[in-house]
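Since the structure of chain A is provided, determine the placement of chain B on it from the hints.
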Amino acid sequence: MNVSATLFNLFAGIFAVLALASVVGAALKLRVASEAPNASIDNLNARLKAWWVMIGLIALAIWAGDLGVILLFGFISFQSLREFVSLTHTRRGDHRALIWSFYVFLPLQYILVANHWYGLFAILIPVYAFLLLPISASLGADTTRFLERAAKVQWGLMICVYCISHVPALLTLEIEGYAGANALLIVFLVLTVQSSDVFQYVWGKLLGKRKLAPAISPSKTLEGLIGGVVSATLVGAALWWITPFTPLQAGLIALLINIMGFFGGFVLSAIKRDRNVKDWGSMIEGHGGMLDRVDSISFSAPIFFHIVRYWWG
Amino acid sequence: MALERLVGSALCGAAKLITGARAIWRGCTPEVRQRVYFANHRSHADFVLLWASLPPRLRRRTRPVAGADYWLTSTLRSYMAERVFRGVLIDRTAARDEVDPVAMMSAALKGGDSLIIFPEGTRNLDDGLLPFKSGIYHLARANPGVELVPVWIENLGRVMPKGSFIPVPVLCSLTFGQPMEVQPEESKDDFLQRTRAALLALAPAED
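Line by line, the protein sequences are chains A and B. Numbering-wise, our numbering puts 296 at position 296 of the first sequence, and it's gapless, one number per residue. Numbering-wise, our numbering puts 347 at position 34 of the second sequence, and it's gapless, one number per residue.
Hints listed in this document are in silico derivations from the structure and should not be mistaken for laboratory results. Note that the coordinates shown come from a computational prediction; the quantities given were computed from them, not determined experimentally. Keep in mind that a hint or two might mislead.
[As the list claims (entries may be wrong)] Distance condition first, Cα-Cα at most 30 Å in a straight line; then the derived BS3-like pairs of lysine-lysine:
hint, chain 1, residue 1, chain 2, residue 2
1, A, K49, A, K205
2, A, K278, B, K329
3, A, K49, B, K446
4, A, K29, A, K152
5, A, K152, B, K329
6, A, K152, A, K278
7, A, K29, A, K211
8, A, K29, A, K49
9, B, K329, A, K272
10, A, K49, A, K152
11, A, K205, A, K29
12, A, K205, A, K152
Only chain A is shown next, with the shape it has when bound in the complex:
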């Protein structure tokens, strides 16, 4: 398989879909909302604009090579962790633990990806950060809600750094007959899971009636969930040719990571509700924060990584 040509065709296809969607968005704006502004249409157009930037950045990173991809996801982790820590309650005594998280564990995790050191990559945060950060926090000599605070820092690192770093870690897998093509696994994962988010949004808007869990996420409906996961699973199966999988395998894996992705968004929504906010941040217009965009990736990436590593790596 010619990897460059495949990547080129893939991104040309994605940009074509995006261009079509943008034309539809502009037409809607012109016909429906030219007089009175319509919040849904404006939000749709803001989201589309942000998609151009996000997909453009991923294309650029893949074009720049492994280091580009690692840096991009390192930045995504950094921004997500910022949003996570900002919204959760930490105290002055946590300052040292946060310095360690941002300036040591986060960069180190991505350096381990760059150096293909799987052994330490897999345990750095679950073992070493897990033990060292509470020690550092205890030196702050503040025992108020200590367990809760230690757990929050660890959770932030797991979700935003450890889980997200499994996306660029796909580059380190050695798959027979697939050398040099690992970037396509990243495209498969990101495209499948993100399309699931988009399809859930679209099906929910079109057919959504039965609310799934209004207490956690008022916009999630059963129709949106089923329509989104089924559509995105078909997308995944249709992408089998860029992966080492058969069409059936690609479809099953897509189904699994879409379900994981859905619950990723669900779990992080529960945290947002508890904190009384709608979005994690305001970085990406129309979408909210970085963490709003990558919550589903965070939950699906490690599972996808281990499936590929166990059966194909």
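Okay, now just chain B, sitting in the frame of chain A:
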């Protein structure tokens, strides 16, 4: 003057980049008019951030009120405080009959500028808000017609708490509340209570 402005905007850019500061104008809009912004105080960077989050045309006419006993202790600090921020520097250690802070602040307002003040009078290292010092009341009495705008600065105390030198890149937000004025018959204590409550009301719910 040009250099000061350049240093000022570079500093604002850096402060915003580090803190990710987001200004939320909830109770008013960023319009050019004379105001006293009063905010909670957790870190020395507080007024830099408040100053940075104002649009440039407002920033140029807004002066922070800060402690001379901190800002005049080194050449760099006094350059920043006097030339870049054009701060109104008040010696908090001097006796009351030597220095009249309210007169100094009123003089700055007479000059047409807006002010940034921290009515708690000192940095608060805990959560919540300390009781207000009476300065804000006397200032409001001496300058009728100047709007008092509460500004809640969230999270900056966590970027760089007292005694630490490495900032953590937590995201900050500044919420601007509804402008207030002192009522004709209002007592000092009532006014201090009311302004303090208005500022606290902008804080996100504590858990």
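Okay, the hints, checked on the actual structure:
Restraint check for K49 (chain A) and K205 (chain A): the C-alpha separation of about 19 Å stays at or below 30 Å, so the hint holds. A C-alpha spacing of about 23 Å is found between K278 (chain A) and K329 (chain B), which places the hinted pair at or below 30 Å, so the restraint holds. Restraint check for K49 (chain A) and K446 (chain B): the C-alpha separation of about 49 Å exceeds 30 Å, so the hint is violated. Pair hint K29 (chain A) plus K152 (chain A) does not hold up; C-alpha atoms about 42 Å apart against a cutoff of 30 Å.
Straight-line distance between C-alpha atoms of K152 (chain A) and K329 (chain B) comes to about 25 Å, which keeps the hinted pair within the 30 Å bound. For a cut-off of 30 Å, the pair hint linking K152 (chain A) to K278 (chain A) stands: about 19 Å separates their Cα positions. Among the hinted pairs, K29 (chain A) with K211 (chain A) is consistent with the structure: their alpha-carbon atoms are about 28 Å apart, no more than 30 Å. Between K29 (chain A) and K49 (chain A) the alpha-carbon distance is near 14 Å, which keeps this suggested pair within the 30 Å criterion.
At most 30 Å may separate the alpha-carbon atoms for a hinted pair to count; K329 (chain B) and K272 (chain A) meet this at roughly 24 Å. For the hint pairing K49 (chain A) with K152 (chain A), the CA-to-CA distance comes to about 33 Å; that exceeds 30 Å, so the pair is violated. The hinted pair formed by K205 (chain A) and K29 (chain A) meets the criterion: a straight-line CA distance of about 17 Å does not exceed 30 Å. Annotation: proposed proximity of K205 (chain A) to K152 (chain A) is violated, straight-line Cα distance about 34 Å (limit 30 Å).
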